[in-house]
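**Student:** Per my numbering, the very first residue in the sequence shown carries number 10; after that it's consecutive.
These aren't lab readings, by the way, just hints derived from the structure by calculation.
Careful, some of the hints might be misleading.
As the list claims (entries may be wrong) - EDC-like mimics (lysine to aspartate or glutamate), calculated; alpha carbons at most 20 Å apart, straight line: (1) Lys155 - Glu33; (2) Lys68 - Asp101; (3) Lys94 - Glu33; (4) Lys70 - Glu167.
To be verified - Cβ-Cβ distance ranges computed for the label pairs, FRET-style: (5) Val77 - Val197: 12 to 22 Å; (6) Lys42 - His86: 11 to 21 Å; (7) Val24 - Gly148: 39 to 49 Å; (8) Glu181 - Ser128: 19 to 29 Å; (9) Lys68 - Arg156: 20 to 30 Å; (10) Glu181 - Gln160: 22 to 32 Å; (11) Gly41 - His129: 18 to 28 Å; (12) Asp101 - Glu149: 26 to 36 Å; (13) Asn27 - Phe187: 39 to 49 Å; (14) Glu133 - His86: 35 to 45 Å; (15) Pro118 - Lys185: 11 to 21 Å; (16) Lys68 - His129: 29 to 39 Å; (17) His129 - Ile82: 13 to 23 Å.
C-beta atoms are modelled at their ideal positions from N, C-alpha and C, and glycine is treated no differently.
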Amino acid sequence: MGLRLVEHTKKEEGVTINPAIFREYDIRGIWGKDLTEEVIEKTGRAFAFYLRNTLQKEKIKISIGRDVRLSSITLFHALSRGLLKSGIDVVDIGVCPTPLQYFSLFHLPVDGGVMITGSHNPPEFNGMKLSVGKETIYGEKIQNIKRIIEQGNFINGEGTIGAYEIIPAYREYLKKDFAQLGGIKVVVDAGKWYRRPCCASSDERPRL
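Work the whole structure out from these sequences, hints included.
**Tutor:** Right, dumping it as structure tokens:
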């Protein structure tokens with residue numbers, strides 16, 4: 010992708026980053042070492058630049074979900090600062106599994122999203138999966154985010170932030186989509202505890 014400067018850009022001093030955090034399918038590293046608040050804020054600014062150049066839209070809104078790692082809320086605030094300073098509107102969908110962040114791309118009027126997650130890695134790790142439109146970016150597109158940070162060319166603007174409870178919306182979707190499966194008994198293994206709210210409670214779920 011050939012990156013070009015858009016209007017309202019300002020060159021800022023770059024930040025030292027470990028290039029190894031920019032992987033094939035995500036951005037990931039050790040929190041407090043590879044991933045600092047400064048690195049994450051700059052990543053937010055770079056992603057804003059990338060979104061504006063890719064989508065060619067003046068107003069852009071994205072959803073952000075996060076896992077339950079202790080560092081995820083700090084990472085969320087740092088990322089949001091970078092996006093808001095660049096004029097990107099943020100929808101905080103809170104703590105959720107990665108598939109629900111992807112669900113938000115189809116359920117909400119957003120132009121992309123970020124899932125903050127360390128995935129299967131040890132607790133000192135964290136990271137982000139980035140989406141433009143309804144698809145995650147990978148490969149050379151993630152490397153472009155790194156290049157934008159290194160160049161320090163960012164968009165200036167003033168975004169807004171709001172919140173949306175994605176889990177109740179997902180539960181309603183499940184109830185409607187699987188209501189016809191009457192008479193079928195299923196067992197749901199929620200795995201990690203924070204996934205349990207994604208399953209309808211006993212008084213709400215359809216009789217399967």
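**Student:** Hints first: check each against the structure and report whether it holds.
**Tutor:** Going through the hints against the structure:
1. Lys155 - Glu33: Cα-Cα ~12 Å, so holds.
2. Lys68 - Asp101: Holds, at roughly 17 Å.
3. Lys94 - Glu33: violated (27 Å)
4. Lys70 - Glu167: holds (12 Å)
5. Val77 - Val197: 12 to 22 Å: At roughly 19 Å between Cβ atoms, Val197 and Val77 fall inside 12 to 22 Å, so the hint holds.
6. Lys42 - His86: 11 to 21 Å: Given a distance of about 19 Å, which is inside 11 to 21 Å, the answer is holds.
7. Val24 - Gly148: 39 to 49 Å: violated (23 Å)
8. Glu181 - Ser128: 19 to 29 Å: Given a distance of about 27 Å, which is inside 19 to 29 Å, the answer is holds.
9. Lys68 - Arg156: 20 to 30 Å: Since the Cβ atoms of Lys68 and Arg156 sit about 25 Å apart, the hinted range of 20 to 30 Å holds.
10. Glu181 - Gln160: 22 to 32 Å: violated (44 Å)
11. Gly41 - His129: 18 to 28 Å: Given about 20 Å between the Cβ atoms, the range holds.
12. Asp101 - Glu149: 26 to 36 Å: holds (29 Å)
13. Asn27 - Phe187: 39 to 49 Å: Hint holds: Cβ distance 44 Å, inside 39 to 49 Å.
14. Glu133 - His86: 35 to 45 Å: Cβ of Glu133 to Cβ of His86: about 19 Å, so the range 35 to 45 Å is violated.
15. Pro118 - Lys185: 11 to 21 Å: Taking Cβ atoms as reference, Pro118 and Lys185 lie about 20 Å apart, which means the hint holds.
16. Lys68 - His129: 29 to 39 Å: holds (36 Å)
17. His129 - Ile82: 13 to 23 Å: Distance hint for His129, Ile82 holds at roughly 20 Å.
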